[in-house]
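Residue strings, one per chain:
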Amino acid sequence: MLGRTANGVFWMARYLERAENTARLLDAGFRMALTRDVLTAEAEWRSVILTVGQTAGFEAVHGQAYTGDKVWNFLLRDKANPGSVLAMLEGARTNARSVRTALTREVWEAVNESWMLLSEWLARPVKEAVLGQVLAAVRRQMTLVRGAMDGTMLRNEIHNFTRMGTFIERADNTARILDVKYYVLLPSIAWVGSSLDNVQWESVLRSVAGDRAYRWLNAGAMDPRGIAQFLILDQRFPRSLHFCIDKLRSNLRGLAHEYGHETGAHELLRGLGTQFHDATIESIVEHGLHEFITEFIACNQQVAQAIERDYRFYA
Amino acid sequence: MGQTTAAFDEMLTQAGGVRAAYGDYREWFDAQDPALLRRKNGEAENFFRRTGITFNVYGDDAGEERLIPFDMVPRIVTPNEWRKLSRGIEQRVRALNAFLHDIYHRQEIVRAGRLPQRLIAENAAFLPQMVGFVPPGGVYTHIVGVDLVRTGPDEFMVLEDNARTPSGVSYMLENRETMMAMFPELFTRVKVAPVQDYPRRLARSLAACAPAAAGDRPTVAVLTPGIYNSAYFEHAFLADQMGAELVEGSDLRVVDGRVAMRTTRGYEPIDVLYRRVDDEYLDPLTFNPNSALGVPGIMDIYRAGGITIANAPGTGIADDKAIYSFMPEIVEFYTGEKPLLQNVPTWRCSEKDSLAYVLDNLAELVVKEVHGSGGYGMLIGPTSSRKEIEAFALKLRAKPESYIAQPTLALSTVPIFTRAGLAPRHVDLRPFVLVSPKGIEITPGGLTRVALKKGSLVVNSSQGGGTKDTWVLED
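Note that the protein sequences, when read in sequence, are chains L and E. Counting with the working numbering, you get residues 1 to 315 for the letters of the first sequence. Counting with the working numbering, you get residues 1 to 475 for the letters of the second sequence.
Please note: incorrect hints may appear among the correct ones.
Said to hold, decoys possible - Some chain E residues near chain L, calculated using beta-carbon distances under 8 Å:
1. 10
2. 245
3. 261
4. 422
Claimed, not checked - Label pairs and their computed distance ranges (CB to CB):
5. 256/L / 226/E: 40 to 48 Å
6. 226/E / 116/L: 19 to 27 Å
7. 80/L / 37/E: 40 to 48 Å
8. 114/E / 259/L: 56 to 64 Å
9. 129/L / 45/E: 25 to 33 Å
10. 116/L / 78/E: 35 to 43 Å
11. 37/E / 133/L: 50 to 58 Å
Calculated directly from the structure, the hints in this document are not laboratory data. These numbers were taken from a predicted model, which means no experiment stands behind them. Glycine residues also receive a C-beta, built at the ideal position from the N, C-alpha and C atoms.
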């Protein structure tokens, strides 16, 4: 397949995943804000912006005014924000259009329809009364695209590159959420174990759709360490770091099998995988959760760059 | 102007009866619930939008995509009419290829005094790089679209030849898909010749033109300028249907004496390039040095026999509108036969007497730029204001050799579906032709373009025209 095509499906998948994650994060922020006083709500919204790495962009437009309405419109549809959901959808759709021949008709139509539908939703500022609906629509459309991929795509290199785009992006997202939660969200260490703390952890779980799964596994008890373990190490949970790494590995293995050789990306990923193989939540906390996550995010990024280089995405 | 009343109606006889070709269809149509048909019409539009069957309009906001309006009443051609048309088209396409070979070699037609030398020498579409070179398989124009208009029961005329990069074949195919999805029962009732195998035929025809350097299974790729090109949908569609790669200039480079595409495994050679990029942008080393759409060095590889370019560079000389006016002579010169299909009468403004006539009669004529395409830069006398006509006369006087003029023909009409029922609108027809050393194939059907405004003769999609499914009936 063409290097440009691999690039196109990889980034299509990354943009779709990022749009969905942003919507999930906003949903969690929204729910928390509804149960908080104004000041705490602002801190929540600030953390949402921080998690997606948009602090500078947001403050350039709105200063310190971290009100819900400004935050969600900035992240959903602001033209000044290249990381908005709307910009992600356009990016995904443009990539899909430029690699249409690599996609099944169903995948292309799902992407195109999502873009059509959601750009209509996002054509005007989103009012509080419809925010929940809009966020649900983003999640639903992305689920539709994923379903079309799952149900119709040949399991070949095109599929491998698409999946790797999804999991690079998802791993990055889960890691950032954890990091922000640990280091920013809690006003001080004294809050650990308080009811505020528990509500925040629950919102983190909600944002990755892991709240119910976690309760099944832990009989309803919210425990920060247990949640961190769940989000980092549980191989059964589709948004955990370990799960994402496993998927990256199996897709890269698919490429090695098809191409008959490995590349630098395989080597890098092996390094990352080893960390997970031996890790326990105790060893991670001892090492420092923030340090662990910072290293993870950097390494994940290096894997992405290695894939782009090794498979000739660019001229 | 009375254009509409004077025109030949393809569905109805003058007495108000239904012509034979439309008998079965009309019987079906009359039995339908109009409200249901209206609903289906809306569904068709949604289908096109969701599928992304769009084209981009130049001059609009960059990248704006529009739908080409689709009308659900088919244009129907009888087996007899089609046989006659195909014979005429085949003769014409054979002549076009022979003509191209000749003007890039001995120019016998000029020596014989049948075509003025200056028409070639001064023509921007004539490429000196092609002189003395024979393309692989001897084929110059691999894909041809012939624009036909009809003015009476037996009067089909050629309005234009498209020998460089004819577009619209994807609409022919999608229109048929749409019709079959909307009205499956119609196709069990009426026997319509299939068009769906066009992409397979195209792939086979292109592969048959592969250069000597190719192996048993030639690699075919479609070269597109990219997603902002007006016909991008078609480029992607054809590549997809042929199972070929859709490449852009930035994907290609010359490697080890072959044109190769950058894949995830490295560079892989291409044998046949179906290019949808104009000559001028094909090779920055040979033509426009500022172009990023093409491949530096591809012309050298081409001339060395390392790749087939379809259509061949320099074929534009054959569909130039100034050459068009000589097509009757060209057909006769190379086939030794009388042309089976007539040209529309054409005045060459480069000729003094013709110019005088055209200037005197601008209000009744259609004047076209010799090198223009797609309905840009033309004057339609009968629908233009006095001011527009005067402005155009100035341009015409300044550069008469850049223009030809034709009478406003009473193009035939086929009804379209409107809220108020069926209403006649003018149409033209572009059948698609494939040429390889193994022969000439014409897909039974084509793209019917239809003017959507009452009385309008403008069918170009860039000017607001629509399309219809075209049915060639089977015996």
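Here is what the structure says about each hint:
1. 10: For residue 10/E, the interface hint is violated, since the closest Cβ of chain L sits about 34 Å away, which is over 8 Å.
2. 245: holds, 6 Å
3. 261: Because about 6 Å separates residue 261/E from the closest Cβ in chain L, which is inside the 8 Å limit, the hint holds.
4. 422: violated, 31 Å
5. 256/L / 226/E: 40 to 48 Å: Given range 40 to 48 Å: violated, Cβ gap about 32 Å.
6. 226/E / 116/L: 19 to 27 Å: For residue 116/L against residue 226/E, whose Cβ atoms are near 21 Å apart, the range 19 to 27 Å holds.
7. 80/L / 37/E: 40 to 48 Å: holds, 47 Å
8. 114/E / 259/L: 56 to 64 Å: holds, 58 Å
9. 129/L / 45/E: 25 to 33 Å: holds, 31 Å
10. 116/L / 78/E: 35 to 43 Å: Cβ of residue 116/L to Cβ of residue 78/E: about 41 Å, so the range 35 to 43 Å holds.
11. 37/E / 133/L: 50 to 58 Å: violated, 34 Å
The structure is inconsistent with the numbered hints 1, 4, 5 and 11, although it conforms to all the rest.
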